[in-house]
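Chemist: Using the sequences plus the hints, can you model the full thing?
Quick note, the sequences are listed as chains A and B, same order. Numbers 1 to 356, taken from the working numbering, label the letters of the first sequence in order. Numbers 1001 to 1356, taken from the working numbering, label the letters of the second sequence in order.
Quick caveat, the hints were computed from the structure, so don't treat them as lab data. Careful: at least some of the hints might be erroneous.
[Stated by the list, open to error] Taking lysine to any residue and the SDA-like style, the derived pairs with C-alpha atoms no more than 25 Å apart in a straight line are:
| no. | chain 1 | residue 1 | chain 2 | residue 2 |
| --- | --- | --- | --- | --- |
| 1 | B | 1330 | A | 155 |
| 2 | A | 80 | A | 95 |
| 3 | B | 1080 | A | 330 |
| 4 | A | 80 | B | 1167 |
| 5 | B | 1080 | A | 89 |
| 6 | A | 330 | B | 1145 |
| 7 | A | 80 | B | 1088 |
| 8 | A | 80 | B | 1086 |
| 9 | B | 1080 | A | 190 |
| 10 | A | 80 | B | 1190 |
| 11 | A | 80 | B | 1148 |
| 12 | A | 80 | B | 1145 |
| 13 | A | 80 | B | 1330 |
| 14 | B | 1080 | A | 86 |
Number of protein chains: 2
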Amino acid sequence: MSIDENDIPALARGCAVLGTGGGGGVRTGSLAAIRAIREYGEVPLVELADLPGDALVVPLSGIGAPTVSHEMIHGEDEPKRIAEEVERIFGRPPSAIMSSEIGGANGVAPVAWAAQLGVPLLDADGMGRAFPEVQMVSMYVAGLPADLVIMSDVAGNVVTIRPIDGLWSERLARAVCVAAGSHALMADYVLTADRARGAVIEGTVTRALDVGRATEGATDPLEALRDRLGAARLITGKLTDVERRTTGGFVRGTATIEGTGDDRGRRLTLELQNENLVAIEDGRVRAMVPDLITVVDTETADAVQTESLRYGQRVTVLAWPCDALWRTPKGLETAGPRAFGYDLDYVPVEELTAHG
Amino acid sequence: MSIDENDIPALARGCAVLGTGGGGGVRTGSLAAIRAIREYGEVPLVELADLPGDALVVPLSGIGAPTVSHEMIHGEDEPKRIAEEVERIFGRPPSAIMSSEIGGANGVAPVAWAAQLGVPLLDADGMGRAFPEVQMVSMYVAGLPADLVIMSDVAGNVVTIRPIDGLWSERLARAVCVAAGSHALMADYVLTADRARGAVIEGTVTRALDVGRATEGATDPLEALRDRLGAARLITGKLTDVERRTTGGFVRGTATIEGTGDDRGRRLTLELQNENLVAIEDGRVRAMVPDLITVVDTETADAVQTESLRYGQRVTVLAWPCDALWRTPKGLETAGPRAFGYDLDYVPVEELTAHG
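Modeler: Dropping the structure here:
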């Protein structure tokens, strides 16, 4: 299977939904993908099983505050410089590109990067959603040493980090990102296909396409999407309060939705750190990270990203289960509520919404 | 010639004088040098002419705020990790270590790093003094592309930067340094001996030893030092005001000296950014960067570093000419007063002090 330009709108829509508010710049990523496909041709989508064991898979993502990356045009030279550095280090070029993060722009833009490099895209990612920090990837949870990060910025600088662990990779990569103008392209863990097995979440590009297509031509897009995701509807209402600040390369803040229609009188607050992390109603948690919480336009069911939240928007909040990997002890330690500073024991969204 | 542990006190004293207040941690650097010599033996001091043209010279320095590095113990693993990365990139190990900055701890500590790596120390450096920023080195002024920086921190992380120019190398290295706890070991420009010719300041280790020995056994250490340096005495007095703050990896501030004895009634203010940059008396500049300005103890003639300035100290301020390289247009553009934000046209210290 290949990805052509007609697939990009659905892919973008699906990635936005899986982005849980984060991984901004989906529109910019889509334009880059379409432009690259027009110039270099369709991008083959391959599975791990298709690759030789020693083939190099390079997980790529843009790192930065969404309010910045939203405005950024990705240069063609950034993936090329990373590929050059990969070849310099490993003595052979990348065999495939993988999205580190299927949620948001980082799910779409790798199509452009793969096209520019003339390599296939792997049908997998490292999150099955979006997360704000570098070490919050399946490779880390799977216990692969976080021993190599390659970054390339729009100015043309290339930085290679050999961190001692995942937390240092986040700390150093974030510092480089901020110094580079709060946006950079990053390869985190260069993997052989053999090492990638069991350490990446497979099938997520196909999943994003599928989610994106769910609403196409639907008479009730919201219900079609909810059904395809297996999501619970937390509230339908309007945005009455949005508070955001960009600090240290992150967007942090809260958003409050007041119920309308059947939900009149209810009030849901979302805690944000690039992504939607916790949904609270009347002091009770309704869903929490690593489960997925996405704000969608009530009419079109298009995802509304953190940087696009606006007073008065008519929205619905959906929540659904994360990949099983994130519910393991190491998964929760890495990206559970406490990893984000919330003093909460993780409870799966199915249980929280069953009570509601 | 070799450097043995008996040379270290004189080397340290000389480096402190050439440090113009900066490059802190001379005592820590000396202890590290002595310990390393005891463990690994004397360190051969070589000249560029002694090395084959393709021998790799690795200029090393600690980067960070002196108030931090003062407290830091350099680990043995930091130079080893940089040497490993050099070998990984160039396919051969370093042939010699060079001090990037002869002034302060960065002039002494390379003795330890050379001993630990079992390679000679080159009798040269990249400044002939100390400067606060990464791109303020002779290699940059000589027009060598600032295309490689390797950093290694106490935690064990290694970061390789391929910057597009010297200003980016400073910006990215500084960000990594701050993220790594405001201290790291850094190789800036890995040079072949051929490329180093004309791009480094030769003879500066010998010079530092010579300056350090000038006061040994002297009846008037201050006069002996002034004479050896060819320095002007700007003022003798006591420190009445010291203002310092550590910000973004730098120490910035001012120090005021009020004259005593023959200088009673006079008052000199020093502007600091890690190093002493400008000396002002009655609104008139008496000396300015890149010329060297050092505060010394009036009695012992030992240099007083920025982080050791204390109210009431009896000090003398000396100023003398920098290496001719810094007086070229590119040298002044890189490290003249305007490079530090002072709206001053450079006037050599000889002219300024002749007027006085």
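Chemist: Each hint should be assessed against the structure and marked as holding or not.
Modeler: Hints versus structure:
With a CA separation close to 23 Å, the supplied pair residue 1330 (chain B) and residue 155 (chain A) stays within the 25 Å bound. At most 25 Å may separate the alpha-carbon atoms for a hinted pair to count; residue 80 (chain A) and residue 95 (chain A) meet this at roughly 13 Å. The straight-line distance between the Cα atoms of residue 1080 (chain B) and residue 330 (chain A) is roughly 33 Å, outside the 25 Å bound, and the hint therefore fails. Between the alpha carbons of residue 80 (chain A) and residue 1167 (chain B) the distance comes to roughly 23 Å, so the proposed pair stays at or under 25 Å and holds.
Taken as a hint, the residue 1080 (chain B) and residue 89 (chain A) pair is honoured in the structure, with Cα atoms around 19 Å apart against an allowance of 25 Å. Proposed proximity of residue 330 (chain A) and residue 1145 (chain B) is contradicted: the alpha carbons are some 45 Å apart, above 25 Å. For the hint linking residue 80 (chain A) to residue 1088 (chain B), the alpha-carbon distance of about 21 Å falls within 25 Å, and the restraint holds. Simply put, residue 80 (chain A) and residue 1086 (chain B) have alpha-carbon atoms about 23 Å apart, close enough for the 25 Å limit, and the pair holds.
For the given pair, residue 1080 (chain B) sits about 24 Å from residue 190 (chain A) by alpha-carbon distance, which is consistent with the 25 Å threshold. A threshold of 25 Å between alpha carbons decides the hint, and for residue 80 (chain A) with residue 1190 (chain B) the separation of about 24 Å falls inside it, so the pair holds. A C-alpha spacing of about 18 Å is found between residue 80 (chain A) and residue 1148 (chain B), which places the hinted pair at or below 25 Å, so the restraint holds. As the CA atoms of residue 80 (chain A) and residue 1145 (chain B) are separated by approximately 21 Å, the hinted pair is consistent with the 25 Å bound.
Distance restraint check for residue 80 (chain A) and residue 1330 (chain B): the Cα-Cα separation of roughly 33 Å exceeds the 25 Å cut-off, and the hinted pair is therefore not satisfied. Among the hinted pairs, residue 1080 (chain B) with residue 86 (chain A) is consistent with the structure: their alpha-carbon atoms are about 23 Å apart, no more than 25 Å.
Checked against the numbered hints given earlier, this structure breaks hints 3, 6 and 13; the rest are met.
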